[in-house]
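If you want the building blocks of each chain, they are given just below.
There are 2 protein chains.
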Amino acid sequence: MKKLLSLAVAVSIGISAHVHADRLSSELIKPIEPAVVTEPEKVELGKKLWFDPRLSMSGFISCNSCHNLSMGGSDNLPTSIGHNWAEGPINSPTVLNSSLAVAQFWDGRAADLKEQAGGPIANPLEMASNHALAVDVINSIPQYREEFARVYGSPEVTIENITDAIAVFEETLVTPNSRFDLWLKGDDSALTAQELAGYETFKSIGCVACHNGPAAGGTSFQRMGVVEPYQTDNPAEGRVAVTGKDADRFNFKVPTLRNVELTYPYFHDGAYWELEKAVDVMARLQLGRQLNEEEIGNVVAFLKTLTGDQPELSMPILPPSTNDTPRPQPFGAK
Amino acid sequence: MKKLLSLAVAVSIGISAHVHADRLSSELIKPIEPAVVTEPEKVELGKKLWFDPRLSMSGFISCNSCHNLSMGGSDNLPTSIGHNWAEGPINSPTVLNSSLAVAQFWDGRAADLKEQAGGPIANPLEMASNHALAVDVINSIPQYREEFARVYGSPEVTIENITDAIAVFEETLVTPNSRFDLWLKGDDSALTAQELAGYETFKSIGCVACHNGPAAGGTSFQRMGVVEPYQTDNPAEGRVAVTGKDADRFNFKVPTLRNVELTYPYFHDGAYWELEKAVDVMARLQLGRQLNEEEIGNVVAFLKTLTGDQPELSMPILPPSTNDTPRPQPFGAK
Numbered sequence: 001m002k003k004l005l006s007l008a009v010a011v012s013i014g015i016s017a018h019v020h021a022d023r024l025s026s027e028l029i030k031p032i033e034p035a036v037v038t039e040p041e042k043v044e045l046g047k048k049l050w051f052d053p054r055l056s057m058s059g060f061i062s063c064n065s066c067h068n069l070s071m072g073g074s075d076n077l078p079t080s081i082g083h084n085w086a087e088g089p090i091n092s093p094t095v096l097n098s099s100l101a102v103a104q105f106w107d108g109r110a111a112d113l114k115e116q117a118g119g120p121i122a123n124p125l126e127m128a129s130n131h132a133l134a135v136d137v138i139n140s141i142p143q144y145r146e147e148f149a150r151v152y153g154s155p156e157v158t159i160e161n162i163t164d165a166i167a168v169f170e171e172t173l174v175t176p177n178s179r180f181d182l183w184l185k186g187d188d189s190a191l192t193a194q195e196l197a198g199y200e201t202f203k204s205i206g207c208v209a210c211h212n213g214p215a216a217g218g219t220s221f222q223r224m225g226v227v228e229p230y231q232t233d234n235p236a237e238g239r240v241a242v243t244g245k246d247a248d249r250f251n252f253k254v255p256t257l258r259n260v261e262l263t264y265p266y267f268h269d270g271a272y273w274e275l276e277k278a279v280d281v282m283a284r285l286q287l288g289r290q291l292n293e294e295e296i297g298n299v300v301a302f303l304k305t306l307t308g309d310q311p312e313l314s315m316p317i318l319p320p321s322t323n324d325t326p327r328p329q330p331f332g333a334k
Numbered sequence: 001m002k003k004l005l006s007l008a009v010a011v012s013i014g015i016s017a018h019v020h021a022d023r024l025s026s027e028l029i030k031p032i033e034p035a036v037v038t039e040p041e042k043v044e045l046g047k048k049l050w051f052d053p054r055l056s057m058s059g060f061i062s063c064n065s066c067h068n069l070s071m072g073g074s075d076n077l078p079t080s081i082g083h084n085w086a087e088g089p090i091n092s093p094t095v096l097n098s099s100l101a102v103a104q105f106w107d108g109r110a111a112d113l114k115e116q117a118g119g120p121i122a123n124p125l126e127m128a129s130n131h132a133l134a135v136d137v138i139n140s141i142p143q144y145r146e147e148f149a150r151v152y153g154s155p156e157v158t159i160e161n162i163t164d165a166i167a168v169f170e171e172t173l174v175t176p177n178s179r180f181d182l183w184l185k186g187d188d189s190a191l192t193a194q195e196l197a198g199y200e201t202f203k204s205i206g207c208v209a210c211h212n213g214p215a216a217g218g219t220s221f222q223r224m225g226v227v228e229p230y231q232t233d234n235p236a237e238g239r240v241a242v243t244g245k246d247a248d249r250f251n252f253k254v255p256t257l258r259n260v261e262l263t264y265p266y267f268h269d270g271a272y273w274e275l276e277k278a279v280d281v282m283a284r285l286q287l288g289r290q291l292n293e294e295e296i297g298n299v300v301a302f303l304k305t306l307t308g309d310q311p312e313l314s315m316p317i318l319p320p321s322t323n324d325t326p327r328p329q330p331f332g333a334k
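Sequence order for the protein chains is B and Z.
Residue numbering for the first sequence is 1 to 334, as defined by UniProt numbering.
Residue numbering for the second sequence is 1 to 334, as defined by UniProt numbering.
Any given hint might turn out to be false.
Note: identical chains are not told apart, hence a pair may lie in one copy or across any two.
Only pairs whose alpha carbons sit at most 16 Å apart, straight line, appear in this in silico EDC-like list of lysine to aspartate or glutamate [said to hold, decoys possible]: (1) LYS304 - GLU200; (2) LYS185 - GLU27; (3) LYS48 - GLU312; (4) LYS277 - GLU261; (5) LYS185 - ASP22; (6) LYS277 - GLU41; (7) LYS277 - ASP324; (8) LYS185 - GLU33; (9) LYS277 - GLU295; (10) LYS277 - GLU156.
Simulated from the structure, these hints should not be mistaken for lab results.
Taking the hints into account, I'd like the entire structure generated from these sequences.
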């Protein structure tokens, strides 16, 4: 009897392991893996730069201003506030898991995080500085020069090294261990029946065709408004700005759904604050499906299982400016 | 011989302890003691609120925006940037060790940190919200209500509790273990000869008459420009705005010198970026003394020994807004 029971348990474990291995290979959303830090000093340097508002002309805006790591790596605004309270043109995408995306920015105009990081520094609607000035500022600070020397072998600060360090820090900003990932890896109790029902709807109506991969998005560019046009006042035209091809008009990078409950408001224009409405719009405009209230509730319940462990960060202490540091100009030269 | 040696050592320790006890009682600057946290959950709640930009109308400005804990608890700007890029009227004082001050704000118009905390939330040039709206925002977020229930015994959020939690968090933002404090407590090797010479000048010309106590300041209101008037475009008139007494015109709270190397630019108008120049101006205008370059260098060297351990903080993860949360209005109602 004892032997039989052991056999039954063994068979049961075998089946269970088989089912779970199947999930990892058969499901189109893959788990987020924890960051593997191979260059901790570079990450630490990148973190300082991430939080340093001296990369902006005003001395007020840092990377974290619009990709706030206390708020899902976003600013929770329709479009961002930039230098001189400029109204940004597009919704600030979350930095969380951004290393998993095929390209950066909504239109994919930056190939990778390093290329992306140089953009906001010099964008007059964002940090409104320029690369030469940003380098001068960091170069004027002895502690930064020491850190660059340790990490890059030379105390001379360059925009390449600044953006490289920021990018390497950003690569650590992944959010593993969401309940959905626990389920993917075999924990049947990680999701409720409602959440599983939502996931089934998500797959069966076709959301997963675009929202796939470890980030549940970020793997392709797709037209915003396939079945019906998307109504918006936002003038962004998407990927056509990069490729010049008319076929790419209104094509945007598919945003990640990881931590989507934290990254409201939604879409490239940030026009939708409620996840229920965003799901409804997507189903209708992209897939020609009118979901009922229960289905929407289920999908939203599933989407909330994609919230993972948020990065645990200690606030960096920034090295002070010196008498030689170019001064911030928040209100223009005086 | 061994006994004699022991005796000699004992005598030497006795003398040394005597000298050090003397320092603690005779010196007018006292050590900063580490924070004693008796209500950790309240501190944690206060930290969340400190970093939460939803207390502002725009959803962009938090307490930390102008009292940045990565930058000595200040914004390192002459005057602060507020809602709609408003140019603030006065230099943002450091929050570090602010619990040790006799009152809050440059003119002391708030009796304590709790009273202070309500000010910026409702100031149209700062966070530009109002207390009712701030309460509505926090009240709409279940995780905050749970935390308030645990900490204050009721899930109902009030402005009194919001500002109390922020103040209790701020009380933890002290900076012990500066090299100067190690010296005060008896470590003769903590200061160099130059730093000690600077401290002697600091005392002998009279700086310490106002910059005293554990915060090396914050204990009194004093006229800015005693011997000579202070030249500034800044219209702030100081404590007269609170007391209505003409004798209080241009009286300001003496700022702390703790962490002064991190809290540039200096004075209530933030007009001086270089510590050397600030020392020169103070000696001339307040004390009628023209210090030479060596004396100024010595005093600056001493002032840099007042930089203590900066608070070690983990970035809080803020609870997400709900569909019922009043939305931020960065660019006015739309």
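Exercise. Using 16 Å as the alpha carbon limit, work out where LYS185 and ASP22 are close: within a copy, between copies, both or neither.
Key: within (10 Å within a copy, 65 Å between copies)
Quiz prompt | 16 Å Cα threshold - placement of GLU312 relative to LYS48 | solution = Cα proximity of LYS48 and GLU312: in one copy and across copies (15 Å, 14 Å).
Self-check item: Intra- versus inter-subunit Cα pairing at 16 Å for LYS277 with GLU295
Solution: within (12 Å within a copy, 67 Å between copies)
Exercise. Go through the copies and call it for LYS277 and GLU41: within, between, both or neither, with a Cα cutoff of 16 Å.
Key: Classified as neither; 43 Å inside a copy, 36 Å across copies.
Quiz item: Between LYS304 and GLU200, at a C-alpha cutoff of 16 Å, which is it: within one copy, between copies, both, or neither?
Solution: Within one copy only: 15 Å inside a chain, 62 Å across chains, cut-off 16 Å.
Practice problem: Tell me, please, which holds for LYS277 and GLU261 at an alpha-carbon limit of 16 Å: within, between, both or neither? | Solution: Close inside one copy (13 Å), not across copies (51 Å); limit 16 Å.
Practice problem: Tell me, please, which holds for LYS185 and GLU27 at an alpha-carbon limit of 16 Å: within, between, both or neither? | Solution: Answer is within; shortest intra-copy Cα gap is 11 Å, inter-copy 64 Å.
Exercise. Indicate which option fits the pair LYS185, GLU33 if close means a Cα-Cα distance not exceeding 16 Å: within, between, both or neither.
Key: Only inside one copy: LYS185 and GLU33 sit 11 Å apart there, 49 Å across copies, limit 16 Å.
Quiz item: For the identical chains here, do LYS277 and ASP324 meet the 16 Å Cα criterion within one copy, between copies, both, or neither?
Solution: This pair counts as between: shortest inter-copy Cα distance 14 Å, intra-copy 52 Å.
Quiz item: How would you classify LYS277 and GLU156 at a CA-CA limit of 16 Å: within, between, both, or neither?
Solution: Answer is neither; intra-copy 50 Å and inter-copy 29 Å both fail.
Hint check: violations occur at hints 6 and 10; the rest are consistent with the structure.
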